[in-house]
Amino acid sequence: MTKLELKLYIAGNSAISRTAIRNLKQICETNYTDGYTLEIVDVVKEPDLIETEKIIATPTLIKISPGPEKRFIGDFSNARKIIESIKIS
Amino acid sequence: MSKNAHANRQECHHSSTQESRIFQLLPQFKDILLLIDSNGIIRYVNPDVRRLFGLQPEKLIGSNFGIPMTGDGNALIDILRQNSNMPFLGDMHVNEVRVDDDIWYLLTIENISEQRRFEDFIVREKHRLAAILQDFGDGLIIIDNNGQVELMNSMAEALTGYSLPDAQGKHVETILQIEAGQPFGTFNKFLNHLFRSEKSVDLGAEAIMNSASGETIEVQVVGSGLTDPGQQRNGASLIIRNVSTRRKLEAIMLREDKLQSIGLLASGLAHDMNNLLMGILGNLSLTQICVGDNEEALATLERAEKAVERAKQISHKLLTFSKGGAPVKETKSIVESIRESSGFALSGSASVCQFNFPHNLSLVDFDETQINQVFQNLVTNADQAMPEGGLIEVSAENVLLQTGEVPTLLPGKYVVVAVSDQGVGIPKEKLSRIFDPYFTTKDSGSGLGLAVCYSILRKHGGFLKVESQENVGTTFLCYFPASASQPKKSTSKRKPVKYGGGKILIVDDEYMVAETTRILLEKIGYNCCDVGGSQEAVEVFNEAIQIGEPFDLVILDLTLPGDIGGEEILGLLRQIDPKVKAIVSSGYSHKEVLANYEQYGFNAIAAKPYDLADISHIVYDLIRKSRSNAHSQKRFAMKVAN
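Chain order of the listed sequences is A and B.
The numbering of the first sequence is my numbering, which starts it at 1 and goes up by one.
The numbering of the second sequence is my numbering, which starts it at 1001 and goes up by one.
Accuracy of the hints is not assured; some may be wrong.
What the hints assert, rightly or not - Calculated pairs, EDC-like style, for lysine to aspartate or glutamate (alpha carbon to alpha carbon, straight line, at most 16 Å):
id, chain 1, residue 1, chain 2, residue 2
1, A, Lys70, B, Asp1037
2, B, Lys1459, B, Asp1257
3, A, Lys81, B, Asp1257
4, B, Lys1059, A, Glu53
5, A, Lys54, B, Asp1072
Stated by the list, open to error - Cβ-to-Cβ under 10 Å is the rule here; a few derived chain B residues that face chain A:
id, residue
6, Asp1037
7, Asn1039
8, Leu1055
9, Asn1064
10, Phe1065
11, Met1069
12, Ala1075
13, Leu1076
14, Ile1077
15, Val1291
16, Val1399
17, Leu1400
Stated by the list, open to error - Cβ pair distances, simulated, as ranges:
id, chain 1, residue 1, chain 2, residue 2, range
18, B, Asp1144, A, Lys54, 51 to 61 Å
19, B, Pro1047, A, Thr52, 25 to 35 Å
20, A, Ser85, B, Asp1144, 42 to 52 Å
21, A, Lys3, B, Asp1144, 53 to 63 Å
22, A, Arg22, B, Asp1144, 33 to 43 Å
Please keep in mind that the hints were generated in silico from the structure rather than gathered at the bench.
Quick reminder that beta carbons are idealized off the backbone N, C-alpha and C, glycines included.
Taking the hints into account, I'd like the entire structure generated from these sequences.
Here it is as structure tokens:
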């Protein structure tokens, strides 16, 4: 099975960021036990990425693999919807 | 620009005309309005975002915003502004819209940055207020309009024994068990008045509260009504202050004030008494010398002398009790004095003393006579509390006191001596008066004993406390500052009368004292002259020098009413003859000069009434020393001349 590769863009260590991280980690640990990577990028520390990656708002989650690349915005509290949208075959 | 982005932009432009017509029909939003397709691409954004948020709509359209992923259609997100480090906080609401067979998303994003800043401010202020309340030294309780507890600080939790979570929602009368005095009579009446009053309301004096520790404490309670921004009544605040400690200190100060006033009277009485006793004792001593071996006469005189001794003790008691009464201290272990005085107090009694002293008990600076008096009194009281006899436990230990641990005592090292009995105890209502002069719980007794003990301890820089329970027993606790000094060598025992020779000038305004002293000293071999004041003293002293028969020694009364004192007279005499030796004598024992006589130029002290044997040795030693010095100087002068 193709490993799940995720990148989460946040803006600082705010309550919004912490909620998103917590929800995603729970989803991954529960549903992708075969392996996943979740990279967390803070655009406050790396503001250049806002332009290069075209980030409009945070928290933005990008599913890098398996393709195609998909973007999501929100708090990721609806685990079922996330899993359906990510859809690993 | 990537291929996908370019394609997206073209598609968006094609449908933008149709869409813009739709959005023209929509009311003007003060928020961001986004239309997102099923792939997360922005299809439409309201043009006002430029003006409202500094965002560029043309750059947003065709960008990949992302597919909204929320739990209930709402989420907080940070909108990142280009060319700015400050994102603004958006409250995003998502509505799914069916477009053909696809699900698109209509998003409204409200800028709540200001609101969040305000909320953060409120949270910070709440934290600050909470910190201030916790540090507040008194108990603070906030109640609502129904008297139910909303908030209280840690001091209030400690006083009531309720934690805030347990107290919240309960009526304040449940957690505050207060018996009110005047003017309200009950706490409930006070609360009713508080809710009707526009001003602060004081519960009044003598409010008693059962604290969490089970102790009954005296409290001051002040209530104030609270209002909301609309000036509507919004509950009340109660400040509860434990005033028990303050009251105890006030009581101690009042007691000390009383003691001082009575002390002034006692001081004068004792002084006059000492002078009279001087006359009696002096003449008894003289008579003893005159009667020779007549046993019957000697026995009679001895009985008379004992009676005078007894009177001397009472006078001493009064002096100790009076203003000043500076103890003449020595540095040594207090253990022997306690054992001796306790043993003396229990002679002939059915009670026994059990002592418990550690080996490393600190030394104490104390006046042995006074401390003996303290422990005699305390042990006697303990014995009297157990009419059938019993065990009196006397123990001591070194303690390190913290600030406020014992009233009036500074933090530091102390020796505390406890005298405990298992007797009848002292009724609670009498405990606070036990050290008052002339207060007694016994049928007989002067009521001065404990007042004297208290006074002695205070003058030693210590304190006397009592703990008692009826039918269980009583413990007196005596606190002494631990000494920093080294002990002096032991004093000599009582000596016989020493006869000698020399010339002595006696200066005392009391004729009886002056004459008696002169006769006594002449009896034991001295050549004496007595005068009543400073002028006469200087004249006589000068005349003696002129005729080549100077005085070897002067005995000066410390206080001559209407005249200069002994210290000043000595100054004048030493101007005439710097070598003259001087003894200071007084019926007052509290004067600073007596406690530190050497610093004032005197060579010895003699407290009235004198003991003939003691004063004979003092006089003999001083004159011998003086003559020996004079002789050495003469031999030296002769040697130099030769």
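For each hint, the structure was consulted:
Taking the CA atoms of Lys70(A) and Asp1037(B), the gap is near 13 Å; set against the 16 Å cutoff, the hint holds. At most 16 Å may separate the alpha-carbon atoms for a hinted pair to count; Lys1459(B) and Asp1257(B) meet this at roughly 14 Å. For the hint pairing Lys81(A) with Asp1257(B), the CA-to-CA distance comes to about 84 Å; that exceeds 16 Å, so the pair is violated. Between Lys1059(B) and Glu53(A) the CA atoms are separated by roughly 14 Å; this keeps the pair inside 16 Å, and the hint holds.
For the suggested pair Lys54(A) and Asp1072(B), the alpha carbons sit about 27 Å apart, so the restraint of at most 16 Å is broken. Interface hint status for Asp1037(B): violated, as the beta-carbon distance to the closest one in chain A is roughly 12 Å, over 10 Å. Of the supplied interface hints, the one on Asn1039(B) holds, with its beta-carbon coming within about 8 Å of a beta-carbon of chain A, less than 10 Å. Interface restraint check for Leu1055(B): the shortest CB-CB distance to chain A comes to about 9 Å, inside 10 Å, so the restraint holds.
Given hint, Asn1064(B) at the interface with chain A, holds; its Cβ is 5 Å from that chain's nearest Cβ, closer than 10 Å. Using the Cβ-Cβ criterion of 10 Å, the hint placing Phe1065(B) at the interface with chain A is satisfied: the shortest such distance is roughly 5 Å. A cut of 10 Å between beta carbons decides the hint on Met1069(B): the least distance to chain A is about 4 Å, and the hint holds. For Ala1075(B), the interface hint holds, since its Cβ comes within 10 Å of a Cβ in chain A; the closest pair sits about 4 Å apart.
Evaluation of the Leu1076(B) hint against chain A yields a held restraint, the C-beta minimum of about 5 Å falling below 10 Å. Interface hint at Ile1077(B): satisfied, since its Cβ lies 5 Å from the closest Cβ of chain A, which is below the 10 Å cut-off. For the restraint placing Val1291(B) at the interface with chain A, the shortest Cβ-Cβ distance is roughly 106 Å, beyond the 10 Å limit, so the hint is violated. With a cut of 10 Å, the hint placing Val1399(B) at the interface with chain A is violated, because the nearest CB-to-CB distance is about 52 Å.
For Leu1400(B), the suggested interface contact is broken, since its CB lies about 48 Å from the closest CB of chain A, more than 10 Å. Between Asp1144(B) and Lys54(A), the C-beta spacing of about 53 Å keeps the proposed range 51 to 61 Å intact. In this structure the supplied range 25 to 35 Å holds for Pro1047(B) paired with Thr52(A), their Cβ-Cβ distance being about 27 Å. For Ser85(A) paired with Asp1144(B), a C-beta distance near 49 Å keeps the hint of 42 to 52 Å intact.
Evaluation of the 53 to 63 Å hint for Lys3(A) and Asp1144(B) yields a pass: the beta carbon distance comes to about 58 Å. Distance hint for Arg22(A) and Asp1144(B): a CB-CB separation of about 36 Å, consistent with the stated range 33 to 43 Å.
The earlier numbered hints that this structure contradicts are 3, 5, 6, 15, 16, 17.
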